[in-house]
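Undergrad: In order, the protein sequence lines correspond to chains A and B.
Per this note's numbering, residue 1 is the first one in the first sequence, and the count goes up by one each step.
Per this note's numbering, residue 118 is the first one in the second sequence, and the count goes up by one each step.
Just so you know, these hints were derived from the structure itself, not from any lab.
What the simulated footprint calls covered on chain B by chain A, stretch by stretch (three residues with Cβ under 8 Å from a Cβ of chain A suffice, anywhere in the stretch; the number is not a length): (1) 130-139; (2) 210-224.
Here are the simulated BS3-like cross-link-like pairs (lysine-lysine), alpha carbons at most 30 Å apart as the crow flies: (3) Lys42(A) with Lys200(B); (4) Lys272(B) with Lys97(A); (5) Lys18(A) with Lys84(A); (6) Lys84(A) with Lys97(A); (7) Lys166(B) with Lys34(A); (8) Lys2(A) with Lys190(B); (9) Lys125(B) with Lys84(A); (10) Lys84(A) with Lys42(A); (11) Lys34(A) with Lys97(A); (12) Lys42(A) with Lys166(B); (13) Lys34(A) with Lys2(A); (14) Lys2(A) with Lys119(B); (15) Lys166(B) with Lys272(B); (16) Lys84(A) with Lys119(B); (17) Lys67(A) with Lys84(A); (18) Lys119(B) with Lys34(A); (19) Lys2(A) with Lys18(A); (20) Lys2(A) with Lys42(A); (21) Lys190(B) with Lys42(A); (22) Lys34(A) with Lys84(A); (23) Lys67(A) with Lys2(A); (24) Lys190(B) with Lys34(A); (25) Lys18(A) with Lys97(A); (26) Lys272(B) with Lys200(B); (27) Lys67(A) with Lys125(B); (28) Lys2(A) with Lys97(A); (29) Lys200(B) with Lys34(A); (30) Lys272(B) with Lys190(B); (31) Lys190(B) with Lys200(B); (32) Lys125(B) with Lys2(A); (33) Lys125(B) with Lys42(A); (34) Lys190(B) with Lys166(B); (35) Lys67(A) with Lys18(A); (36) Lys272(B) with Lys2(A); (37) Lys18(A) with Lys119(B); (38) Lys34(A) with Lys125(B); (39) Lys67(A) with Lys119(B); (40) Lys67(A) with Lys97(A).
Virtual Cβ for every residue (Gly too), placed ideally from N, Cα, C.
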Amino acid sequence: MKVETVARSCRLPEQQGKPLVYIDYIEAAPWNIKQLMEPLGKPQQYRGVGSRLFEAAVLQSFEEDFKGRLGLHSLPGSEGFYIKECGMTPVGRDPHKHNLLWCEFTPEQAHRYLAGE
Amino acid sequence: MKFSTNPKWLERRADQEDRHFISVGGLISTLDPTCQTELPSTQNVETTKTVFVRLLQLARRERRMSLEELAEKADIDLAVLVKIETDEAFEPDLRTVHQLAAVLDLPPKKLMVLAGLLHMKDAGLQQASVRFAARSEPIGNVSPEEHAALEEYVKFLNEQ
Numbered sequence: 001m002k003v004e005t006v007a008r009s010c011r012l013p014e015q016q017g018k019p020l021v022y023i024d025y026i027e028a029a030p031w032n033i034k035q036l037m038e039p040l041g042k043p044q045q046y047r048g049v050g051s052r053l054f055e056a057a058v059l060q061s062f063e064e065d066f067k068g069r070l071g072l073h074s075l076p077g078s079e080g081f082y083i084k085e086c087g088m089t090p091v092g093r094d095p096h097k098h099n100l101l102w103c104e105f106t107p108e109q110a111h112r113y114l115a116g117e
Numbered sequence: 118m119k120f121s122t123n124p125k126w127l128e129r130r131a132d133q134e135d136r137h138f139i140s141v142g143g144l145i146s147t148l149d150p151t152c153q154t155e156l157p158s159t160q161n162v163e164t165t166k167t168v169f170v171r172l173l174q175l176a177r178r179e180r181r182m183s184l185e186e187l188a189e190k191a192d193i194d195l196a197v198l199v200k201i202e203t204d205e206a207f208e209p210d211l212r213t214v215h216q217l218a219a220v221l222d223l224p225p226k227k228l229m230v231l232a233g234l235l236h237m238k239d240a241g242l243q244q245a246s247v248r249f250a251a252r253s254e255p256i257g258n259v260s261p262e263e264h265a266a267l268e269e270y271v272k273f274l275n276e277q
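Here chain B stands alone, though its shape is the one from the complex (with noise of 0.2 Å):
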């Protein structure tokens, strides 16, 4: 198999990708915009980073992972994965957030909503938010009503 090396071949196509869309099947057909996804708006984005903290930690803690372990396993730096646990004001990029969804089993395309990375017109999803905040701790062993809330959530997040 013999790439191109042309670098007039390579500026071009990455012209030309830029200007679309190019996936077929996949995470980011989710993310296409035709989808209904937008950029965030500030009213929605602290409410959804207090639960991307709470359900980050309670899934974390649930599959009993320490920080430095699932900083090894979603390969992110463990000072931003601190960082995210601890200063809900601090951003994360799309690949840590895409990293730790594949590593705690969570659907990426709501974590970066919940992230503030995008926004989905959902108010279904903003009650099942605040609802999941309430019901669960962010310190401490995972209690029985907090497995309980955890299973909803994440039931909730799947099937929508």
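Bound-form chain A, shown alone (with noise of 0.2 Å):
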């Protein structure tokens, strides 16, 4: 995971130029992966292993005084991680990076995250 903590900041209207803790890269390994293991008839390694360097991210988020505050452009097969599981508000497409759908949290959406809500 590579996160970025000065370059990007929230697009939100409702927390608009406020700072945030942007995944620039994040990806579990490929033996860690069910939906790649599986078809090929062998177990996965780990599980959750993204889900933890997610948590990393948003811990750092506060940490950094950004109150959980997150973005990230998501690629198109994992959208539905983002928006339905964790919970992120899905702002818009990107032009300017390969039109991705960028993704966002706000305090009370990290909040919920880490409760497990």
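Join the two chains, each given in its own frame, into one complex according to the hints.
TA: Below, the structure is given as structure tokens:
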């Protein structure tokens, strides 16, 4: 995982311009991804690796005093995870980043994520 | 930084992650199901496995690395590496191929295709692979012709 804490800021109207932790890069190793290993007839080695990394980014946002604000450009295949499972807000497509979907956490959403709601 | 130690939270998050791809950038974005990859058909696996082994051998020899050195740098078991180079029926796992690609500076996704772990609908790759296999020998020193064949093939893999 690679995060940035300086170059980007919030785009949601209610927190526009405020600092956030931007996830530039996050992934689990192929052998830890069920969807890749299952068709090969092999078990994944470890579960929940990506979620732990994502949790670390949220916790860093609190440590930086960004109150849990977080942003990322989701790949098309990952949008469901960040919106439905993590509870991020889809803000809109970014024409400057391959038209990927910009998703954002408000402090309330970050708290809910850590609380498991 | 205080991570959750609640096993129910962890289980739930792991379950959620198992249903999705979570990547933002990186290698896995190239393996995203929205990309044009699928499981390999048995028809092409034999050809690509020959090319996979030949490519690994030439790339290793080009760098004047012994099997032991490559195994150590790639952090894989020497016995597995020997098996890969001597037994085309042997099926390496994803981590091994990923590590080899990193050490030998080869495109990981293409190497997974050649190893028979993924299939890509790409007639160009098939033709280039057969041409490469025909122009290279698995043993001995790397000849100028083999060097040229290796360079041309790796360039083709990186360009796609």
